[in-house]
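Taken in order, these protein sequences are the chains called A, B and C.
Just so we're aligned, residue 1 is where the first sequence starts under this note's numbering, counting upward by one.
Just so we're aligned, residue 1001 is where the second sequence starts under this note's numbering, counting upward by one.
Just so we're aligned, residue 2001 is where the third sequence starts under this note's numbering, counting upward by one.
There could be a bad hint or two in this list.
[Stated by the list, open to error] Here are the simulated SDA-like cross-link-like pairs (lysine to any residue), alpha carbons at most 25 Å apart as the crow flies:
#1 LYS2538/C - ARG262/A
#2 LYS2538/C - GLN19/A
#3 LYS2538/C - GLU2211/C
#4 LYS2538/C - HIS2208/C
#5 LYS2538/C - HIS4/A
#6 LYS2538/C - SER197/A
#7 LYS2538/C - GLY103/A
#8 LYS2538/C - VAL205/A
#9 LYS2011/C - GLN2097/C
#10 LYS2538/C - PRO200/A
#11 LYS2462/C - LEU2390/C
#12 LYS2011/C - PRO2084/C
#13 LYS2538/C - GLU11/A
#14 LYS2538/C - GLU186/A
#15 LYS2538/C - VAL266/A
#16 LYS2538/C - GLY78/A
#17 LYS2274/C - GLN2097/C
Since the hints were made in silico from the structure, they are not lab data.
Computed from a predicted structure; not experimentally measured.
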Amino acid sequence: MTPHIGDSYAERNARERAQALLDPGSFREVLGPFARLRSPYLAAQGVTSQSDDGVVVARGTLGGVRACVVATDGRFLGGAIGEIGGAKIAASLELARRDAERGTPTRVVLAFDSGGIRLQEANLGLLAIAEICDAVVALRAHQPVVAVIAGRVGVYGGMSIVTALCNEVIVTEGARIGLNGPDVVETEAGADEFDASNRPLVWRVTGGRRRFAQGHATALVADDMPDIRAAVEDAFARNRPFVAIERPDFPDPGLEREAFLRAYGVTP
Amino acid sequence: MIETLTFTYPASAHIARRAHVGVVASGNCELLLEPSPESSASVIVRTSVGGYATTWEAVLARFFARHSIAVRLEIDDFGATPAVVAMRLEQALERAR
Amino acid sequence: MSAWDTRRIRKNQRLARAASYVRSGVFESGDAVAVLESVLESGDRVCVEGNNQKQADFLSRALASVDPERVHDLHLLISVLGRPEHIELFERGIASQVDFSFSGPQSLRLAQQVADGRVRIGAIHTYLELFARYFVDLTPDIALVAADEADASGNLYTGANTEETPTIVEATAFRNGVVIAQVNRIVDRVTRVDVPGDWVDLVVVADHPYEIEPLFTRDPEQIDDVQILMAMMVVRGIYERHRVRTLNHGIGFDTAAIELILPTYGERLGLRGKICTNWVLNPHPTLIPAIESGWVQSVHSFGGELGMERYVAARPDVFFTGRDGSLRSNRALSQNAGMYATDLFIGSALQMDVDANSSTATLGRIAGFGGAPNLGSDPRGRRHPSHSWLEMTSAAPEIRRGRKIVVQLVQTFRESGVPTFVERLDAVELGRTAGFPITPVMIYGDDVTHVVTEEGIAYLYKARDADERRAALAAIAGVTPVGLLADGARTQELRRDGVVAFPEDLGVVRSEANRSLLAARSMRDLVTWSGGLYEPPKRFRSW
């Protein structure tokens, strides 16, 4: 008897994710691999470049509405952002804001799987993140910016900051959102404080369920495309303004513990 | 440093469309395959794992002997084994048909 | 007046020396070193339970702490020399001779100890061979074993991780050796009796539960297209073709891929119930989808697998389980089952020569064999027929006999870019340099019936002679130096004669070889397939 194994988002590559998020048949890639927008900096450092620099930009529709999905490829250098890939992300957001100002809005979904800034491009990556953050905030003034964090890498570093700026963040239990990677935390704080090899611990602290319980994520869904698409649709339909989490919404630690346990399906 | 290798093979068969497969991840490679107006297959390999020119030649020669297609092929490689390269070549051809 | 019970007398003397530490057969963990120093005598043969999986690590640590002035030059008998304190025994002079089967994690340090003259290797064995010698000329004087529970009578419960405990204890107990068991806890009544108390002399509750590793778990996320292509060829070109019902899978990602495509690709081919019905292997989590889909009638296991306990207990029709519900494993019996009662063995090799001999020997390491040579050999003592076994004779000789299907799975190149196929195994030179009496070959070419690469299958059993065997191998050796020597015309002939098959000859479409063919593509999927019964160990969790 075959159990229900979802139509996994995590299993797909960036291009397939964009395709699966957009309405069937509406996917059109912008500046795809054959545009050959490679990083100019990697070859000199003995690193093979990828023809799309690890970022897929796709136009199409979402629920019939003009849309753009920007998906990062977590398998290329851990999805880390360099100059070209960063420019693709920032430009997509800026163009969407221009569309909004002209009265022909384009929905934007950020399907991120990224370790943060690409070390080989250092300051250019930092600059790109700054531009992306700026562009998210500017677009947010017009419409919700929706992030889907449901891949195997998650978002770390600057890309987690970008994610935190989004109105809506859709996660699965396999997702992770964190600033420093688990190994870095262990190196800095010691294994007694944080044992990076304790994978359930890593997910308990930075995983989808935790982030949803804390309010950093706004929807928690199964790794199943119909559920993820529905959550994206709901996110745009809700049209919620951005709510900053200045501090966790649990002044009483006991309340946080309750919410945390509930998110794990444990009756407190 | 990145090693760049070029190869050319005589070819005549046509492919219907361009194709892109693979990813530049460890042990893997990305392929860009496009129809060519020439009667040859011309290949550029960019790899971060140098010193395997003869192996690349052998793998590509085999493939183009089996499928004499007139194409321009770019390969971005991150240490794929001949098994993986052969797989990607067949996958690209399948998509291009 | 000669004495015929010297071993019994000696045993009683040993136990008498330790008597002050022992109350009702039990001693305190704090007295472990003192007890060992009392019971052991220099030169003793000591069998330490360093199994493939379970480790009597409390006792081995205590053994490594004895005073070498009092106890020295022990002869260590051990299946897997895998822990650092096993090496300390040689460093400290506590042991100076060893007979073992596999050394995996300590292979480099072992080689160094040998080079420094601190230990002499008696022989490197296969598992079953080593157990066999416990009953002939290597009977242990002392056995240090690990169990989950003991009761007041010394009955032991070893549960899913029974492995070789009963075998070691039987050999030791019935020739008046001393059996000492470390347990996780002492209980009023053991969950079930795996080793009778009459066989056990001393019990100690260890400082923490015995060490055990999940060696047989493979994450489906790591399986790639090439492995899936090879798995498809195996299912079509070997399992289907030879109607293989009984089999043993060596552990690896490539065999995990086969397990995971049975419910999909195998189902599509209509093979459920016709192939892969009875298995000898550990409870591989990657077998769960096939079990749940109704492919598997029975599984016998060498040992358990961490995380699979509840799943196994919930499937007693499939696995060997006791009245208490938990798995009963037994390495000796399972190895025997794998040898005589399965029609097929399949495993992977790191290096193979032109005659299909394979080896995992690496420079500077003494790794050993484990169980593969037993399972990957043709047991000439078999007499009962099956379709698959009889099909392996290609000619029709007067003396009709069958042959085991022994399959080697190898990609033409290793991840490092080094060719798998070579003219001569590294093992030849390594064996010579290290002074081994035999070349450390894992599986002999003359036992191999099929070799599968990403290029195709060589049906070696069909080859007429050694020359044809070599040609068949070269035909699937890709662009390795061996493969480049293949003669194109000869290869075509071999394909026509069915001695070689490329994927297209088997009806296997390369572009279909992708991960969508896997019934489970992540650890989470395996959990889902098991209805939540499978509990992956921490290192395999991504949620």
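Hints, one by one, checked against the model:
For the given pair, LYS2538/C sits about 22 Å from ARG262/A by alpha-carbon distance, which is consistent with the 25 Å threshold. Taking the CA atoms of LYS2538/C and GLN19/A, the gap is about 33 Å. The hint is violated against a cut of 25 Å. Under the criterion of a C-alpha separation no larger than 25 Å, the hint pairing LYS2538/C with GLU2211/C is consistent with the structure, at around 15 Å. For a cut-off of 25 Å, the pair hint linking LYS2538/C to HIS2208/C stands: about 18 Å separates their Cα positions.
The suggested pairing of LYS2538/C with HIS4/A holds, with an alpha-carbon distance near 24 Å, which does not exceed 25 Å. Distance check on the hinted pair: LYS2538/C and SER197/A sit about 8 Å apart at the alpha-carbon level, within 25 Å; holds. Of the pairs offered as hints, the one joining LYS2538/C and GLY103/A is violated, with about 51 Å between alpha carbons and a cut-off of 25 Å exceeded. At roughly 15 Å between alpha-carbon atoms, LYS2538/C and VAL205/A fall within 25 Å of each other, so this suggested pair holds.
Only pairs whose Cα atoms come within 25 Å are accepted, and LYS2011/C paired with GLN2097/C is accepted, the gap being roughly 22 Å. Of the supplied pair hints, the one linking LYS2538/C and PRO200/A holds, its CA atoms being roughly 6 Å apart against a limit of 25 Å. Straight-line distance between C-alpha atoms of LYS2462/C and LEU2390/C comes to about 13 Å, which keeps the hinted pair within the 25 Å bound. At most 25 Å may separate the alpha-carbon atoms for a hinted pair to count; LYS2011/C and PRO2084/C exceed this at roughly 29 Å.
For the suggested pair LYS2538/C and GLU11/A, the alpha carbons sit about 21 Å apart, so the restraint of at most 25 Å is met. About 17 Å separates the Cα atoms of LYS2538/C and GLU186/A, which keeps this hinted pair within 25 Å; it holds. Note on LYS2538/C and VAL266/A: the hinted pairing holds, with a Cα-Cα distance of about 20 Å set against a maximum of 25 Å. Using a Cα cut-off of 25 Å, the hinted pair LYS2538/C and GLY78/A holds, with the two alpha carbons roughly 23 Å apart.
Restraint check for LYS2274/C and GLN2097/C: not satisfied, since their Cα atoms lie roughly 49 Å apart, outside the 25 Å limit.
Figure legend: structure checked against the earlier numbered hints; hints not met, in rising order: 2, 7, 12, 17.
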